[in-house]
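Visitor: Assemble chain B onto chain A, guided by the hints.
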Amino acid sequence: MADADYIVDGVLTEGEAWVPLASSTLSSGANQIDVYLNDYGSGNTKLNASQYVELVVIGSLRALHGGAGEYTSPTLVKFGQSVGLASGYYQTYWYGVSQNSDFKSESSDAYFGYVASNSADANIFTGFISRFGPVSTGLFKTAEHLVFNDVNYQSTENTLGLSYNVLHEDGLIDMIRFKSNAPSGFIAGSRIDVYGVLPRMVQ
Amino acid sequence: MAVCEALKTTTIEEDTVTVSWTGISNTYQWLEIIGYAKGATVNTIATMYLQLNGDTASNYSYKNIETFNASWSIGQWGLTTKLSYYMPGKLWGQQSGAVHIYIPQNPASQSHAKSIHARTGYVRASGSGTYENYAMFTNGYWSGTGDITQIDLKCDNGFVAGTQFTLIGWKDS
Chain A
1 MADADYIVDG
11 VLTEGEAWVP
21 LASSTLSSGA
31 NQIDVYLNDY
41 GSGNTKLNAS
51 QYVELVVIGS
61 LRALHGGAGE
71 YTSPTLVKFG
81 QSVGLASGYY
91 QTYWYGVSQN
101 SDFKSESSDA
111 YFGYVASNSA
121 DANIFTGFIS
131 RFGPVSTGLF
141 KTAEHLVFND
151 VNYQSTENTL
161 GLSYNVLHED
171 GLIDMIRFKS
181 NAPSGFIAGS
191 RIDVYGVLPR
201 MVQ
Chain B
1 MAVCEALKTT
11 TIEEDTVTVS
21 WTGISNTYQW
31 LEIIGYAKGA
41 TVNTIATMYL
51 QLNGDTASNY
61 SYKNIETFNA
71 SWSIGQWGLT
81 TKLSYYMPGK
91 LWGQQSGAVH
101 IYIPQNPASQ
111 SHAKSIHART
121 GYVRASGSGT
131 YENYAMFTNG
141 YWSGTGDITQ
151 IDLKCDNGFV
161 AGTQFTLIGW
171 KDS
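One line per chain: the protein sequences are A and B, in this order.
According to my numbering, the first sequence is numbered sequentially starting from 1.
According to my numbering, the second sequence is numbered sequentially starting from 1.
What the hints contain is simulated information worked out from the structure, not anything from laboratory work.
You may find that some hints are simply not true.
[To be verified] Sample of chain A residues at the chain B side, in silico, Cβ under 8 Å: (1) 17; (2) 18; (3) 21; (4) 26; (5) 53; (6) 60; (7) 91; (8) 93; (9) 102; (10) 133; (11) 137; (12) 144; (13) 163.
Glycine included, every Cβ here is placed at the ideal spot set by N, Cα and C.
Okay, chain A solo, but in the shape it has when bound:
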């Protein structure tokens, strides 16, 4: 695999351990937001993800889920190799709002959590931090999601969630997709930013 642009003659020139890789903001509603770091020659983004220890996604999402009282909307994620789009994910999670935890058996999408929906106060988006790794070692792939919701100060739908997924595959992670389960998907302004964490040494 070719070196990334910031490796020049074998020397790392990137000054930060967190390297901004991609950013995507919806200009209109959509059912999903994708980031492909390497799409294997289809003409879109091609970045070398193999040198990162993990990928970090910081984002804010809001969905349009019809009906009254829809403060939040379930959201899913896929990650792994962009070829073949893996489909065997397992997950566990904990929710602060109802003090519950649970796990889910194998499913074709990974469990992310809930994001603000149409009954949430205006202009509220759900903030989250997700971390995916190990990017390139031979271990199975794990994702961690910290999802925060304050959708209405009187609502019981406010949540603080911690969830983990595993994908039983050991290939390179070079694709991340956030999927809305809402009938109308994510609204315009929903955004994700992707960073790669470098493992290099400066001392």
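Guide: Using the frame of chain A, we list chain B on its own:
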């Protein structure tokens, strides 16, 4: 000037009991440990330990929120000789646990005990319906007041090959 620098990376190539980072600079306000780890214990679960500046005395305590499958609990331990986090054990093939730990370095010219935040978790579920899944928030305490110069990560019977830890340093400019 970089505000976020990768200081150390250790990738385990064969079962190793201790990952020890020394010579850590005090020029960073925060230290962050990123890991994807698996224990060499021949079981479904292993315990990973964190110790600072080589201190193996009973100078640590911690409190956590711990989920195990569909149940959850709050626990606390102290005083103890190390901070502890669950990892998947060797029975689980290529499974690894995610580790994110944040350690404050001393402010300039000051000396404080350290409050250490960690998130750890892993998922293991088989098609036959065997599940063992953990998600943990842990806030730990170390009574040492010196600058942090050494971090030791240990695991009963060691970490297995493929385990990887990276130490990140954060500063304001």
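Visitor: Are the hints correct? Go through all of them and say.
Guide: Hint-by-hint comparison with the structure:
This hint holds: residue 17/A has a C-beta 4 Å from the nearest C-beta of chain B, less than the 8 Å allowed. Among the interface hints, the one on residue 18/A holds; its C-beta lies about 5 Å from the nearest C-beta in chain B, closer than the 8 Å criterion. The closest approach between the C-beta of residue 21/A and any C-beta of chain B is roughly 15 Å, which is over the 8 Å cut-off, so the hint fails. Taking 8 Å as the C-beta contact cut-off toward chain B, the hint placing residue 26/A at the interface is violated, the least distance being around 28 Å.
Proximity of residue 53/A to chain B holds as hinted, the smallest CB-CB distance being about 5 Å (cut-off 8 Å). The restraint placing residue 60/A at the interface with chain B is violated, with a minimum CB-CB distance near 20 Å, outside the 8 Å limit. For residue 91/A, the interface hint holds, the least distance from its beta-carbon to any beta-carbon of chain B being 6 Å, beneath 8 Å. Taking 8 Å as the C-beta contact cut-off toward chain B, the hint placing residue 93/A at the interface holds, the least distance being around 7 Å.
Nearest Cβ of chain B to the Cβ of residue 102/A: about 5 Å, under the 8 Å cut. The hint holds. Using the Cβ-Cβ criterion of 8 Å, the hint placing residue 133/A at the interface with chain B is satisfied: the shortest such distance is roughly 5 Å. Restraint check, residue 137/A versus chain B: the minimum CB separation of about 5 Å is within 8 Å; hint holds. This hint holds: residue 144/A has a C-beta 5 Å from the nearest C-beta of chain B, less than the 8 Å allowed.
Using the Cβ-Cβ criterion of 8 Å, the hint placing residue 163/A at the interface with chain B is satisfied: the shortest such distance is roughly 7 Å.
Hint compliance for this structure: hints 3, 4 and 6 are not met, and every other hint is.
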